Amino acid sequence: MPAVTRIANQHLTVEVSPLGAEMQALTTADGRSFLWNGDAAFWTGRSPVLFPMVGKAPENRITVEGKSYEMAQHGFARRAGFSLAVSTGTLCRYELAASDATRAVYPFEFLLAVEHALEGRRLAVSAEVENRDTRPMPFGLGFHPAFVWPLPGAAGRPHTVTLDNGAEPALVRLESGLVKREKLPSPFKSGRLTLDRAMFEADAMIFPEGAGEGLTYAADGGPALKFSFENLPNLALWQKPGAPFICIEPWHGTAAELGGSDDLANRPYGVTLPPGETARFAFTVEVGG
Numbered sequence: 029m030p031a032v033t034r035i036a037n038q039h040l041t042v043e044v045s046p047l048g049a050e051m052q053a054l055t056t057a058d059g060r061s062f063l064w065n066g067d068a069a070f071w072t073g074r075s076p077v078l079f080p081m082v083g084k085a086p087e088n089r090i091t092v093e094g095k096s097y098e099m100a101q102h103g104f105a106r107r108a109g110f111s112l113a114v115s116t117g118t119l120c121r122y123e124l125a126a127s128d129a130t131r132a133v134y135p136f137e138f139l140l141a142v143e144h145a146l147e148g149r150r151l152a153v154s155a156e157v158e159n160r161d162t163r164p165m166p167f168g169l170g171f172h173p174a175f176v177w178p179l180p181g182a183a184g185r186p187h188t189v190t191l192d193n194g195a196e197p198a199l200v201r202l203e204s205g206l207v208k209r210e211k212l213p214s215p216f217k218s219g220r221l222t223l224d225r226a227m228f229e230a231d232a233m234i235f236p237e238g239a240g241e242g243l244t245y246a247a248d249g250g251p252a253l254k255f256s257f258e259n260l261p262n263l264a265l266w267q268k269p270g271a272p273f274i275c276i277e278p279w280h281g282t283a284a285e286l287g288g289s290d291d292l293a294n295r296p297y298g299v300t301l302p303p304g305e306t307a308r309f310a311f312t313v314e315v316g317g
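Per the working numbering: the sequence shown = residues 29 to 317.
Hints in this document: simulated from the structure, not taken from any laboratory.
Being a predicted model, the structure only gives us computed values, none of them experimental.
Fair warning: there could be bad hints in the mix.
[Unchecked claim] Simulated pairs of lysine-lysine, PhoX-like, Cα-Cα distance not exceeding 25 Å: (1) 268 with 254; (2) 84 with 208; (3) 95 with 84; (4) 268 with 84; (5) 254 with 217; (6) 84 with 211; (7) 268 with 211; (8) 208 with 268; (9) 254 with 208.
Please put together the full structure from these sequences, using the hints given.
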């Protein structure tokens with residue numbers, strides 16, 4: 029696999045791997061690291077891109093147009109080798125096109141392009157999905173970035189996630205990796221959630237609706253990461269128990285429902301893209317403090 033691509037400006041440095049077009053580092057000019065380092069003792073992921081589905085399928089199998097295919101959790105893009113299409117000092121774009129390997133599990137012609145771009149103290153990460161096939165193409169797309177918890181220099185301080193819209197979105201949980209239909213009371217109070225590691229003993233916290241288009245992850249009196257989301261209506265928060273990171277995951281599409289269909293086109297909040305069209309999904313994160 030070729031070496032990572034490094035982009036930088038006077039505020040931030042970002043490294044992106046061709047494997048999965050996955051960000052490997054997000055570092056400030058003063059040397060503080062905000063992205064999880066992928067320690068295999070906990071979780072080797074750092075910021076995987078999830079495609080063509082988010083989460084798990086029943087028995088790790090999906091159905092497309094009546095035919096069954098094996099599909100691992102979060103799809104195949106995160107384990108695929110991307111090609112570097114554009115590289116400048118502050119931007120890189122990686123692309124993944126359909127191949128014999130992808131067609132064997134996902135029978136569509138497509139192009140997935142993932143771009144990382146810096147502007148000031150802000151990183152923009154986008155994914156564009158182009159349907160190059162002759163029929164509608166179902167899929168889900170999500171981002172899975174993991175950030176250090178505690179934030180740099182903020183050990184021992186409370187950490188919060190605050191929704192821009194001040195909402196209290198309903199919570200759903202997973203069973204065997206599949207979404208339970210029961211809606212639980214929101215852990216957010218007037219849009220604010222104080223993180224507690226016990227929240228993640230039952231796996232991810234998923235908010236299918238109502239979390240809005242932006243949030244801030246911050247330590248009291250310390251650093252903050254401010255996020256905005258484009259075409260990503262679902263939100264999940266996840267930590268592997270005991271690990272020093274928190275994943276802030278904006279999605280368009282969730283895992284299949286417990287007891288529900290394995291048809292990819294019927295997954296909750298999924299996308300069905302007409303032939304010849306392109307869909308864009310993006311998040312930005314601004315480093316402050």
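Against the structure, the hints come out as follows:
1. 268 with 254: holds (22 Å)
2. 84 with 208: holds (12 Å)
3. 95 with 84: Cα-Cα ~18 Å, so holds.
4. 268 with 84: It holds: about 17 Å lies between the C-alpha atoms, which stays within 25 Å.
5. 254 with 217: Holds. Residue 254 to residue 217 sits at ~19 Å (cutoff 25 Å).
6. 84 with 211: Holds, at about 19 Å.
7. 268 with 211: holds (22 Å)
8. 208 with 268: At roughly 20 Å apart (the allowed maximum being 25 Å), residue 268 and residue 208 satisfy the hint.
9. 254 with 208: Given that 25 Å is the threshold and the Cα spacing comes to 30 Å, the pair is violated.
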